[in-house]
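Sequences are here, hints too, so could you generate the full structure?
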Amino acid sequence: MTVPSSPDDETSSKSLINATAPPRPFLARFQRWEWMLVGLILVVVALNSALSPYFLNALNLSRTSSDFMEMGIMMLAMVFIIITGGIDLSVASNLGMCASFMGWLFMAGVNIWIAALAALALGTFAGFVNGTLVARMKLPPLVVTLGTYAFYRGVAYVLLGDQAARGYPEAFTYIGQGRLPGTLIPFSVALFGALAVLFGLVLHKTTLGRYLFAIGNNEDASVYSGVPVARIKIIIYTVSGFMAALAGLVLAARFGSTRPDIGNGLELSVITAAVLGGVDINGGAGTMGGAVLSLFLIGLLRFGMGLLNIQGQVQGVVIGLLLILSILLPNVARTFSGSGRKLHRQTVWGIIAFVVVFTAFVAFFFWSRAPLLIK
Amino acid sequence: MKRRMLYMVLALAMMLSLVLSGCGKKDTGPLTFVLVPKNLGNPYFDTANNGAQEAAKELGVTVTYQGSAAADATQQIQLINSLIAQKVSGMAISANDSDALVPTGKDAIKAGIPVVSFDSAIGKDGRVLHINQAVLHDIGAIQIKMASELAGADGGKIAILSATSTAPNQNAWIEVMKEELKKPEYAKLELVDVVYGDDDDTKSYNEAQALFKKYPDLEVIIAPTTVGIAASGRAVTDAGLIGKVFVTGLGTPNQMREYVKNGASPQFALWNPGDLGYLSIHVLNALATGQIKGVAGEKFTAGRLGEYTIQEDADLGVNVLLGLPFIYNGDNIDQFNW
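Chains A and B supply the protein sequences, listed in that same order. Counting along the first sequence from 1, when you hit position 325 you're at 325 in this note's numbering, and nothing is skipped either side. Quick note: to get this note's numbering, add 1000 to the position in the second sequence (first position is 1).
Derived from the structure by calculation, the hints contain no laboratory data. For glycine and all other residues, C-beta sits at the position ideal for the given N, C-alpha and C. There could be a bad hint or two in this list.
To be verified - Per the computed footprint, the stretches of chain A lying under chain B, defined by three or more beta-carbons under 8 Å from a beta-carbon of chain B, are: (1) 62–71; (2) 247–259; (3) 262–270.
Claimed, not checked - Chain B side only, calculated, beta carbon under 8 Å to chain A, not exhaustive: (4) L1040; (5) N1042; (6) G1060; (7) A1069; (8) A1073; (9) T1074; (10) Q1075; (11) L1079; (12) N1081; (13) S1082; (14) A1085; (15) Q1086; (16) D1097; (17) A1100; (18) V1102; (19) N1337.
What follows is the structure, given as structure tokens:
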């Protein structure tokens, strides 16, 4: 139970605090991890503005922000699920299935909006299937969604094969390519913003949100306290299915076409963004604000590195490093502050060994690939 | 507590700046073109990049080689967006998804950046033109030409080992080959059989061996598939028929090097990705400097490859054809590694 959000002292008696006593002043809920993310975003913005004249350019930022909105839309529901201690690996496959279903219907002559509604219904149902298997059959979410991860993607291929659905009308592609009239704000960003506020309010201001933290901290205790655990789980997995379908519509609209491999691999980016945002992978802790901040941090970091012509693999290394640090740093800080438990010798050696191996790996990586990667 | 946080932020900032400053050397040449492969670490595209760098040296421009980690449209679009933001002078892209890249390609063209596709085309609206590696007729014709050279002046029996009987491209090439064989210069070649190895290594190998038994005086096997040609090369080698039965068709250098050297397959064809990269940069340069606008009928010169004419057809839209397929043989195969 590593909690990135509370590195030291009195509040760090772990996540139970969140479950039992969230009614604190609004700002206090922005614990240190959120400020850390804000700091990192400022650092990234400052560095990139210094290094590239193209970074602080409204048109460029607008263009790049729509690159990761599908990820963000799926992340909102993922935060709910991870806070209850679950996981949904099937989101990107569900996205692919729904977008392909919509494309398949559209190619068969169905009106695009009816096809889109049908895709949303399919995604919601797919999420409901996940939720039922997890909550009613009491199967582990990792295994259930690993199964549907393969299954839903398979359905996408069955529907479209090696064909692409294309020729969506402009009114539809507006969802993914358009901007709000008179501004540079992409429609998808506005959509994400509205949804983020909604999900944030549900998580932090409603009983349902409180229940999510309770389930994540101690599921058995929640059951005995009368929390309708099974029903809540079904609800959040169903919501996750709906959001995956919605992300599928946005992505298909942005591409102006659908192929069955659409959105392949996005689930890992979604989980990365949530965890980097301070959502405890073991459940019970996290904030919507943190998750949204980390989404923008990753987006800006990737865009900035792209502007500096840093190749894709290196970008992956940096994001991975950041993720590991986000879990490691609070622990290290707690040790140095002296107020936490003392580090065992093994732990110290472990960390040193990790750093050495990691440095060696990165050095080897650059040495072997540098001529290709950086030109 | 506040100070500790400050340290943490500073430490991270230092790490980041190390990473960033280590990599971020931006070239400030007058023209900067970018060659965008489907993904990085693919020897085929690395070869294309070698050709692109050769063109860059000749033209005095900078060419960078940038791709996403995986062959994935989402990542490729992200990359292209960052290239648009940098206002590069032009991009040559091998598309991971011909449709999904159209809106981004349009954006780039609207921003005044010429976009061409090579190897794998972007949909017509999302690029100025496509650089086409080969056309159907040439691919069919060159295989008969190679077979005729291998059979010698006295001609002889030839057979075709194809992929599946339903593969449209294979069947189209086989049709072209049958037409070519009607020409007087190929009168002494006799096509005795067409067999199918289903692009499966073992099945192709067995089909090749069955051909040796059925036609003891067989002289050439044409395999217009990379799986079939390598399996046939191995079958000839294993059966001790080197010098008696020759294998030719479409293959890749790394796969065929062994059989070129031992004489089982003295020559085979495919386009040369290096030339493809070389031509792409010449086209971008001609577009960026205003020599051409990307309209059918325009002519331009591409260094050592000579003069080209832009053409337009229903399938590919506006395009430039690289030329005849490239013949790989014992003289040149060691220059290639893909």
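Quick check on the hint: T1074(B) CB to chain A CB, less than 8 Å?
With a closest approach of 7 Å, the T1074(B) hint holds.
Tell me if Q1086(B) is really an interface residue toward chain A, meaning its C-beta lies closer than 8 Å to one of theirs.
5 Å, holds
How does the coverage statement for the segment 62–71 of chain A fare against chain B, requiring three or more residues with Cβ below 8 Å from a Cβ of that chain?
holds (count 3)
Please check whether Q1075(B) passes as an interface residue: C-beta within 8 Å of a C-beta belonging to chain A.
6 Å, holds
Against chain A, with CB atoms and a cut of 8 Å, does the hint on N1337(B) hold up?
Constraint on N1337(B) not satisfied, violated at 13 Å.
Taking the least C-beta to C-beta distance, is V1102(B) closer than 8 Å to chain A?
With Cβ-Cβ at 6 Å, under 8 Å, it holds.
Coverage assertion for the segment 247–259 of chain A with respect to chain B, Cβ distance below 8 Å, three residues required:
Contact hint for the segment 247–259 of chain A vs chain B: holds, 6 residues under 8 Å.
Does N1042(B) pass the interface check with chain A, least Cβ-Cβ distance below 8 Å?
11 Å, violated
Does the interface hint hold: is D1097(B) within less than 8 Å of chain A, judged Cβ to Cβ?
6 Å, holds
Check, residue by residue, whether the segment 262–270 of chain A contains three or more positions whose beta-carbon lies closer than 8 Å to a beta-carbon of chain B, and give the verdict.
holds (count 5)
Interface hint outcome for N1081(B) [beta carbon to chain A under 8 Å]:
Given a least distance of 5 Å, the restraint on N1081(B) holds.
Are A1069(B) and chain A close enough, Cβ to Cβ, to be under 8 Å, as the hint says?
4 Å, holds
The structure fails hints 5, 6, 19 (numbered hints given earlier, in ascending order).
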